[in-house]
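Undergrad: Top line first, the protein sequences correspond to chains U and G. Using the working numbering, you'd call the opening residue of the first sequence number 1 and step up by one each time. Using the working numbering, you'd call the opening residue of the second sequence number 1 and step up by one each time.
You may find that some hints are simply not true.
Here are the computed lysine-lysine pairs in the PhoX-like style, where the Cα-Cα straight-line distance is at most 25 Å [what the hints assert, rightly or not]:
hint, chain 1, residue 1, chain 2, residue 2
1, U, Lys-90, U, Lys-55
2, U, Lys-179, G, Lys-168
3, G, Lys-156, G, Lys-137
4, G, Lys-230, U, Lys-181
5, G, Lys-137, G, Lys-159
6, G, Lys-33, U, Lys-38
7, U, Lys-179, G, Lys-230
8, U, Lys-181, G, Lys-168
9, U, Lys-48, U, Lys-38
No wet-lab data here; the hints were simulated from the structure. The structure displayed is predicted, hence computed values, not measured ones.
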Amino acid sequence: MYKKINTPLTEEVVKDLHAGDTVLITGKVLTARDAAHKRMIESLNNGKELPVDIKDQVIYYVGPCPAKPGQFVGSCGPTTSGRMDAYTPKLLELGLKGMIGKGYRSNDVVEAMMKYHAVYFTAIGGVGALLSERVVDSKVIAYEDLGPEAIHLFSVVDFPVIVTIDMYGNNLYSMEKEKYKKSSF
Amino acid sequence: MREIKADDVRRTVELLCIKANYYLPNDVLNMLKEKLHEEISEIGVEILNSLVENAEIAKAKEMPICQDTGIAVIFVEIGQEVHVVGGSLDDAINNGVKDGYLNGYLRKSIVRDPFIRINTNDNTPPIVHYDIVDGDKLKITVAPKGAGSENMSAFKMMKPSDGIEGVKKFIIDTVEASGPNACPPLVVGVGIGGNFEYAPLLAKKALLRPIDQRSSDDDVRALEEELLFKINNLGIGPQGLGGMVTALAVNIEKYPTHIAMLPVAVNISCHVTRHATAVL
């Protein structure tokens, strides 16, 4: 049973999301991955403002394929989130409320999520064609020179994700793996 | 000498880059459907169904299966009776990759320098492996490799005294450490033997073998089956969210090695184990 939510995320919505919830997201979502994260943090370190306001926003870790004629976007599945870990606590401190990616997060990220009340969603890796059908608009809004790594503003409708780490620190990866592990060999 | 035009090579590489990225190989698609019956996790079943549906959408819409259209890894087998005319073979392959990634609307994922990370904007240069073989044919295989799984791959110079049990443990530990990051269900390519540079190449080549085809060597086949069983009891499951289908196959290639060496390479691949081949 999917829970439907809208962006921007509010504190109330985040509080109500728990590891294991399957969620459909509708609204605007920012995209950023390795190079955009590095540049955002360098800007902050140099005393500059971010090119986009990230308060209450969701960042999707994705570098989409180019759109074919007639498409809004090409394949656009999640990339591995762990590469953004070094940059993430600072963004959470600035009010980022949600992240969509795949794979493990560091303890520092989980602690910052608990402190600043944010949620980590995962989308299914390797289904970029399927997920592209849930993106109804895409435009580059910053760092255009980074090509696929530029910051895009996606409009998504019923974008399917799973709450994998909630603001209480519950982690679906460790919860589920133990259920199926067989240590008999 | 049989002459092959460089431009025919360029065009072939272009088409193979597109084909490999749009169409999930049938062996993988069939194995996903087969493994659906082994999965007991509800979310695992949903994920495996999504992977099949995604492959069908990509095929119907002629678009990439996955947005990570990879670094282009190209295996070229050149018959010793072949003479490439009308340009250099290297340039033809490079230009084929450029044309494939531009004309196929594939993502450009290559940066010029590991530290000064500026995108080359055409996905070149590829990684090309040349082999000289008998005959008058030119066989080209394009195997685009994504970073999510490549980053979880590992290599180790083991000691001969570590033996087969040590090798099994290293392979299983590598898969377990990759957890959700490499987008399971995985195809695990393993290279055992050779030396420092050859074992990883064997592991990469192991990924080219159809995943429903076990090794022709009885001992290796038994090892592949045992490792697949153990990996699928780790509990990782589809996307690391728990379940029985962590890997679709373990493909192992061996090679003679030195009296003092036991090199082992594990090249992790996600279900998007892409490769397309043409013979000129």
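Undergrad: Tell me if the straight-line CA distance from Lys-137(G) to Lys-159(G) falls inside 25 Å.
TA: Violated: Lys-137(G) and Lys-159(G) sit about 40 Å apart, past 25 Å.
Undergrad: Given the proposed pairing of Lys-90(U) with Lys-55(U), does the C-alpha separation stay at or below 25 Å?
TA: This hinted pair holds, its Cα atoms lying about 12 Å apart.
Undergrad: Next pair to validate is Lys-179(U) with Lys-168(G); report whether the Cα-Cα distance is within 25 Å.
TA: holds, 24 Å
Undergrad: For the pair we were handed, Lys-156(G) and Lys-137(G), check the Cα-Cα distance against 25 Å.
TA: violated, 36 Å
Undergrad: Does Lys-181(U) sit within 25 Å of Lys-230(G), going by the straight-line distance between their CA atoms?
TA: This hinted pair holds, its Cα atoms lying about 10 Å apart.
Undergrad: Between Lys-33(G) and Lys-38(U), does the CA-CA distance stay at or below 25 Å?
TA: Given that 25 Å is the threshold and the Cα spacing comes to 40 Å, the pair is violated.
Undergrad: CA of Lys-181(U) to CA of Lys-168(G), is that 25 Å or under?
TA: holds, 18 Å
Undergrad: Taken at face value, is the distance from the CA of Lys-230(G) to the CA of Lys-179(U) at most 25 Å?
TA: holds, 16 Å
Undergrad: So if I understand the rule, the pair passes when the alpha-carbon distance is 25 Å or less; does Lys-48(U) with Lys-38(U) pass?
TA: With a Cα-Cα distance of about 14 Å, the restraint between Lys-48(U) and Lys-38(U) holds, given a limit of 25 Å.
In this structure, the hints that do not hold are numbers 3, 5, 6, in rising order.
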